[in-house]
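Number of protein chains: 2
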Amino acid sequence: MKTLGTLGERETIRIIQRIIKSDASVGPGDDCAAIDIGDRYLLVTTDMMVTKAHIPKGMGPYDIGWSIIAVNLSDIAAMGGSPLGLVTAIGITRGHPIDFIEQMVDGMNDCARRFNTSVVGGDTKEHEDLVLCGTALGEVSKKGILLRKGAKAGDLVVVTGSLGRAGAGFFSMKKQLGLKEAEDALKRPWPRIKEGMALSKSGFVTSCMDISDGLSASIFELSRNSGMTYEIDYARVPKAKEVDMAFHDIERQKDLVLNFGDDFELIFTMKREHEADLARLAEETGCPMTVVGKVTSGEENILIDNGKREKLENLGYEHFRTRTP
Amino acid sequence: MKTLGTLGERETIRIIQRIIKSDASVGPGDDCAAIDIGDRYLLVTTDMMVTKAHIPKGMGPYDIGWSIIAVNLSDIAAMGGSPLGLVTAIGITRGHPIDFIEQMVDGMNDCARRFNTSVVGGDTKEHEDLVLCGTALGEVSKKGILLRKGAKAGDLVVVTGSLGRAGAGFFSMKKQLGLKEAEDALKRPWPRIKEGMALSKSGFVTSCMDISDGLSASIFELSRNSGMTYEIDYARVPKAKEVDMAFHDIERQKDLVLNFGDDFELIFTMKREHEADLARLAEETGCPMTVVGKVTSGEENILIDNGKREKLENLGYEHFRTRTP
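Listed in order, the protein sequences are those of chains Y and L. For the first sequence, counting from 1, position 262 maps to 280 in our numbering; every step adds exactly one. For the second sequence, counting from 1, position 211 maps to 229 in our numbering; every step adds exactly one.
Hints are computed from structural coordinates only; laboratory data are not their basis. Given the structure is predicted, the values throughout are model-derived calculations rather than measurements. You may find that some hints are simply not true.
Treat identical chains as interchangeable: a pair holds within one or across any two.
Stated by the list, open to error - List time: in silico EDC-like cross-link candidates among lysine to aspartate or glutamate, alpha-carbon distance up to 16 Å:
1. K198 to D124
2. K160 to E249
3. K161 to D128
4. K20 to E120
5. K170 to E249
6. K39 to D128
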């Protein structure tokens with residue numbers, strides 16, 4: 019019998035997408051769906067967190083609450099949207115202390131308020147385990163919407179912030195390395211709302227998504243959506259300072275930076291002739307924006323490392339299927 | 019240690035609502051939240067279904083998919099809204115057969131399409147158990163929004179359709195009574211979208227909600243929101259024909275009609291002087307609309323049964339807390 023374990027998450031999602039007939043202007047398959055509401059698009063995205071696979075042991079209830087809001091807002095950011103509000107559904111055991119839910123809801127509230135929006139409703143159900151489901155709503159102008167598709171050969175590939183910090187935080191918690199900033203980055207992701215809105219307004223961004231599952235997975239997705247290929251220069255990829263502290267081994271560092279994910283930075287492509295405007299955008303938003311490569315029309319996605327060109331493999335996190343070692 | 023089991027679902031929700039600072043025009047506590055988007059309200063509601071508590075054994079994957087869409091659309095209906103789209107998050111084991119998810123997603127798609135809307139996005143995660151979370155979006159004119167509050171003394175209390183059918187279906191499945199229509203009603207709830215939109219346009223409806231947790235729980239909620247009391251005449255409550263077939267005992271029948279829930283009919287209050295318009299509304303929508311009582315400014319909610327006035331207890335379904343027998 020064929021099960022979801024045989025298929026893996028991405029194939030399962032493709033099956034679902036074949037069945038679902040969406041009316042939306044942008045349907046399943048991007049960071050958000052976009053619904054035409056006349057003069058602009060309504061954006062909507064939903065994300066489920068289940069204890070076992072998604073919540074590292076060191077995360078307290080406040081962090082869990084913060085995260086479910088942050089990861090959903092990150093999808094709004096990836097489309098260039100301005101948040102309109104969120105709803106959260108909570109499945110929780112009757113044995114959970116009241117403190118736990120109070121702190122978790124505090125985290126939800128604080129994260130939403132920090133990004134000038136709010137939790138407007140929700141649902142609470144008894145369950146054997148903690149499960150959270152968040153849904154974020156946003157709006158974006160029709161011409162300002164940022165999609166996964168749209169890149170053209172010659173476009174520059176840019177990432178916000180730096181990569182590998184959340185991964186370093188994960189290993190710091192696991193091996194008690196005391197990399198507090200990195201642990202905080204993992205526990206309380208920071209959606210790039212302001213940056214996404216600035217990219218949307220800029221007029222020169224040709225595609226965008228967030229890096230929730232790692233840079234390699236994002237490149238794979240952008241490539242699939244645009245029909246283009248991507249060349250990433252590893253030396254230019256902004257590595258979080260904690261990556262060096264988490265691992266001495268260069269290959270393990272590379273794995274953190276390229277494949278771990280959970281940094282919730284944005285990756286976008288832009289018209290090359292606007293490269294000079296990038297510094298202004300970075301200054302306005304107070305967020306580093308680094309060119310890490312270019313869009314090509316080649317055979318496969320390439321990683322350039324130490325002068326060597328290798329195939330950029332998609333090693334991002336995937337559910338259901340057990341990763342072969 | 020105080021746990022959620024000590025508190026019960028409603029008290030837990032009240033704790034959450036004290037912490038959350040919502041910006042919405044209508045915040046948590048109604049069937050949907052309503053966000054001001056200029057000329058109209060954006061409605062949003064979310065509902066989680068967990069296998070153990072919410073999914074009766076006889077329900078197949080198609081029914082489960084249909085239900086998660088239907089219960090969310092029912093909340094849009096309760097506010098008088100027109101659906102804009104839905105997103106669904108699915109937590110599922112890797113051992114689930116592919117067939118299962120295909121049928122479940124078929125059910126989601128069919129239900130959404132049946133009510134002239136669609137599933138526009140979602141999320142799929144691995145979990146130890148099946149958990150579904152649906153979120154529905156809708157829109158409604160500012161003056162047409164239907165809230166739980168707003169009833170005035172003298173208003174009539176009206177329900178759509180009939181009550182107790184889903185409960186009869188539940189017992190039919192449990193005791194193999196073969197009440198197929200009732201079982202279908204339980205398995206595939208029918209949200210009153212068209213009816214809610216007609217009530218919104220009528221201009222004479224003063225409050226509304228859906229009857230997901232039973233008539234008694236709905237009356238309790240309407241009373242809490244309006245600050246009024248309600249007098250329900252049991253003899254006038256439209257009883258589904260299957261109720262008599264499920265139980266001979268009058269008290270058990272009454273329990274099905276008043277407390278079981280899952281019928282997803284609408285209960286609303288309206289200005290008495292428009293009573294004559296109700297028949298027209300019922301005809302237009304093809305849905306029975308029955309006056310079952312009135313709004314009062316008394317001490318408590320009253321059930322009139324066989325000429326006797328008794329207190330209408332709130333015995334609707336509540337999570338977390340074990341019901342004392």
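Which numbered hints are broken by the structure, listed smallest first?
-> 1, 2 and 3
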